[in-house]
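A.B. asks: Listed below are the residues making up each chain.
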Amino acid sequence: MSTTEVSPARPAAASGGGPAPARRPRTFEQANRRLKWAMLTPALLFVGLMIVFPLVYTVDLSLTDAFGAVNAGKGYVGLQNFADALGDTRRFWPAARRTLVFTVGAVILETVLGLALAMLMRKPFRGMRWVRTVLIIPLLTTPVAIGILWLLILDPTNGIANHLLAGIGLPRQEFLGSVGQSLPTLMLIDVWQWTPMMTLLLLAGLTTLPEEPEEAARVDGANGWQRFRHIVLPMLGPTLATALVLRAVDALKTFDILYATKGAGGGSDFEVETLNVYAYGLTFDYQEYGLAAAVLVLFTLFIIGVVVLLRRRGGRKTA
Amino acid sequence: MSTSSQLLSRRSFGRLAAGVAGAVGTGALTACTTGGGRPSADTPLRIMAINHVWSQAIRRRTEEFEELIGRRVSMTLLTADQLASSYNVKLNASGTDVDVMMVRALQEQLLFAHNGWLADLSDRVAQDEEFAWPDFQKAPRDASVSGGRVLSVPVVTERPALYYRKDLVEDHGGPPPTLEQLMATAQELTDKRKGFYGFVGRGQRSGAVSQWSSFLYSHGGDFVVGGRSGIGTPEALAAYEYYGRLLARTGPPGATNMSLEQAMPIFAQGKAAFYVDADAIYSSFLDPQVSTVRETVGFAPFPAGPAGARPHNIPSWSLGISTFSLLRDDAWEFIRWAAGPEMTAELQRDGIPGARTSVWSDPRSLASFPPDLAEAMRLNAERGLGYDRPRVLQVGRARDIVGRPLVAGILGNDVRPVARDADAEFAGFLVRDNRHKES
Amino acid sequence: MSATVSPVPAAARLRRRTAGSWLRGITIGVVTLVFALPLVWMFAAAFKTNVQVTDPSVGLWFSPTLENFRNIVEAGQILRSMGNSLLVGVVSTVLSAVIAVPAAWAVGRFGMHRTGSLILVARIVPAISLLVPWYYLFAQMGLVGSYTVLILSQMFVSVPLIMWIMISFFAGLPVELEEAARTDGLSAFGAFRRIALPLAAPGTATASLLAFVFSWNNFMFALIFADDRTQTVPVTLFNFISYASTDWGGLMAAATLITVPVVLAAVLGQKYLVAGLTSGATKG
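Chains as they are written, first to last, in my numbering: chain S, -14 to 304; chain E, 350 to 788; chain F, -18 to 265.
Just so you know, these hints were derived from the structure itself, not from any lab. Just so we're clear, the structure is a prediction, and the values are computed from it rather than from any experiment. Check each hint, because a few of them may be wrong.
DSSO-like, lysine-lysine: derived pairs with alpha carbons at most 27 Å apart [unchecked claim]:
1) S:59 x F:252
2) E:541 x E:620
3) E:620 x E:515
4) E:786 x S:59
5) E:487 x E:786
6) E:541 x E:515
Build the full structure now, drawing on both the sequences and the hints.
C.D. replies: What follows is the structure, given as structure tokens:
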């Protein structure tokens, strides 16, 4: 605790960690720099320990034939696991395909519907607060509970959905009980749950847009659609790109709703087995840790690839 | 003034840090105490069990055992999935908080043995005359032995029962004695428009495999024939196509999603004429709270296929001792008591089928079962094979492979290409599995 | 694109606008119903008997019963799981905030984008990629099934989340306030604690609320790391599905019970939650 002269009217104060503060921006800088690293370090350490170390361990595991008990002996097999995974046309590639189909389909629908809804809600209206409240409930509810609720609604024999369909003369569907319909049904459930997220994100973006360009266009005689396409959409670009990346990454990693409704292996014919579900099964049902690690490495690279791609496309659109 | 505020901030920061450290510390401590520690006289004997009529019956009687050994008993009852994942977690951590384990000898034993998780009971069963190890039925007894060592003791056995509606089969000459007749009668009785199905059974890939095994054997097939994959043989193909056709033509919608929990209520609510599943669940159909067919349910032995009636007769649940347990002697005392001749007889008189020959030959123990069920169980036991799934380390993966053609059949697709592909996959799997067995 | 359009008479324009806003109102109403009705159906089913639930013709007009709730509470697990979820949620959120808020200040205030994005990489890496080695390590340490591992794994999600939200809050704070405090004699840390932190309190509240909700909902970690004693709510619910698949009433009651906190949070904290969820998006 050292005291030094400070700007006249105040008594001296000891600094948080080092020589006297107080006078010039330059000494401010030093103390600031020390402090900011002190503040940042716990987070960096934590993240480093919890991510970097395990990631390295996963890569290491992927090069072994680890199997069975966790502390059993294991040997290095080089890239054999990767060869096995990439050559597996029965489980791996279908899982990759399903992951892509699920993500692309759900995210596109969520974006389009979310944008439409955001445009609709753009101008403030009475009860907007309540609408927003209703909107955030699906996306904050536990996915397992959402799975249960749709299992009831879509139950082939007892569910209200088939009841309504029959009421308007349409044939009954098996929905989640059917092999072919499960993935599309789950995509729609995902759309139901996450469109509000896109809506809120895009709405936030829309409200920050300046009004003049649109006004100018309207005065010039452009109609609603033209204004949207040529003024709003380009200005919304960055927000759209961010929202897209956020949602795409989460959609690629979807697990809860798939596992809760169809169980291990993604259903009888693996119909909803995405890479995430597959990797989970490899680890905890088959105990093939080496192969699981290889699939996970590939999966992580896949996700990073998608993010990079989206960011680049998004950047180009806004340029 | 600012000095004190400075100190205050430092102090409060320090307090926060201390709090964090404390929280993490106590967390780590509690974690440690669950893992280690020497057992005191107060430590209960910990038993992990499946939520099953057997476990519930034993739990009602644990006081008697507690007095016997002077130690408390703590029994945890879980679902099959929870149990499996609990074992995975605790045994991978060499946890000492499990003493007696209830395991499925045919599902987990080989893998657990490979991992070294089950204690060797060979000496104990050999030296204990009262326990009468040879009294156990041959097939379950054989399944309890891995690598020449006795690793588990069977307590519940299971065979497939043909549950049927007496009122509906009256005009068809009673329950069908052959699979062919089952198919014919089921088709006649099916009226999908009215929501009534001739046959209901498990269709979910993995769960269906164990029930389908009886169909496989009765068509003359087997999972592994002469050390190689048997699921591509004509017999296996016939069995796949039969079961697939049965469920596709006469079964309820969404059959591929049905495990025991979904299939059983359909028969219990009177929506099906025939149901093939474990005979151990018969009491659900006599329970007025869940069943509307209490008066009309009949029990028949598994019908005969082209190769005769060859059902499975398996030890569905067995007791083992964890290698990491610190109370092995007390754990063995528990097994002696719970699986001993007296208790097995007592439980079987209460309707829980055990694995002891002496109990099965005692007419009193069969008196608790409905007479046609007792007869069905007896016949099934006589003809039964001792396993209902491939006898490999990775049973999970094997069931997934073997179950694919089954699902294809139930969906009404052509089984042959799927069976061919599954056959190739299974062959490759067997090679890898054998390699694991040897390592 | 600029074309001259003959001016539409004012009355017609007004008519069109009112018709437009009617249409808009109805559409918004319908959409809101689409999102609300399934949840309402779930709540309703929780109060129906099993016979009523499995009869799809029974709509929203029926006499409610508390039987389902009584049953599942008696079975015992659900209250214990809610307690577990509460414990894990609160502790992990508090610990995460303690770590993340100062870090977010450092990044937001000083524009340390590169370091910041390093931490945000955590949001992209799929949790499952870390689950295998975590499982390996925690199993060997005997920590699986303890509260510690549940809290630690949840913090892995909460720290980046709180940082993501707080960075934009701190970046938006005028630097002059802190500078003024520094010239007044406060230390750097003091400036943070007495100026920046209180100003960002709403953001902290938002971020913490969101972190708690995500902790409450976390399924995969709990599925792997919790045992029957430390089970959290989503796992209990999941086990319920296979265990009592015909007890729809009980299932719905359990699902309702665990959704009530979320609904409460949504109704009371809607403004904050939306702000938290959408922060960072407008910055791109």
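A.B. asks: Does residue 59 of chain S lie within 27 Å of residue 786 of chain E when you go C-alpha to C-alpha?
C.D. replies: Answer holds: residue 786 of chain E to residue 59 of chain S is near 14 Å, not above 27 Å.
A.B. asks: Given the hint that residue 541 of chain E pairs with residue 515 of chain E, does the C-alpha gap stay at or below 27 Å?
C.D. replies: Since the Cα atoms of residue 541 of chain E and residue 515 of chain E sit roughly 20 Å apart, the hinted pair holds (cutoff 27 Å).
A.B. asks: Just to be careful, I want the Cα atoms of residue 541 of chain E and residue 620 of chain E compared with a cutoff of 27 Å; is the pair within it?
C.D. replies: This hinted pair holds, its Cα atoms lying about 10 Å apart.
A.B. asks: Taking 27 Å as the top limit, are the C-alpha atoms of residue 59 of chain S and residue 252 of chain F close enough?
C.D. replies: Judged against 27 Å, a Cα distance of about 53 Å means the pair is violated.
A.B. asks: Given the hint that residue 620 of chain E pairs with residue 515 of chain E, does the C-alpha gap stay at or below 27 Å?
C.D. replies: Measuring from Cα to Cα gives roughly 14 Å; hence the hint holds.
A.B. asks: Does the alpha-carbon distance linking residue 487 of chain E and residue 786 of chain E stay inside the 27 Å limit?
C.D. replies: Distance ~24 Å between residue 487 of chain E and residue 786 of chain E Cα, so the pair holds.
Against the hints set out earlier in the document, a violation occurs for number 1 only.
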